[in-house]
Amino acid sequence: MPAPLNFGPAEQTREQRQEIADRALAITLAEEQHAKDELLTLYHRYIEGEVDLYTISVRVGVQTRQRLQQLVDAGPDLGGQ
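Using this note's numbering, read the sequence shown as starting at 358 and increasing by one per residue.
Think of the hints as simulated: they come from the structure by calculation, not from any bench. Cβ atoms here follow ideal geometry from the backbone N, Cα and C, with glycine treated the same way. There is no bait here: all hints are sound.
DEER-style ranges, computed between Cβ atoms:
hint, residue 1, residue 2, range
1, N363, Q390, 27 to 37 Å
2, G432, L386, 30 to 40 Å
3, A360, I384, 24 to 34 Å
With the sequences and hints as input, model every part of the structure.
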């Protein structure tokens, strides 16, 4: 038997839940854009030699961290040479 749903006083109607969902989505998208802007800044700083990949890796998720490590392990792509 599924667990009963538990909505608080401010989420009783469809309209209330829609408003909450809209605000949550807006916050999430704004945070993602901020994170993207921050990472782009870090990548530019990496290119300029101001930070290393470790500095970037502590700001990203585990999956991205593993992919960054694979990049380092593989070394630069020298055009098939």
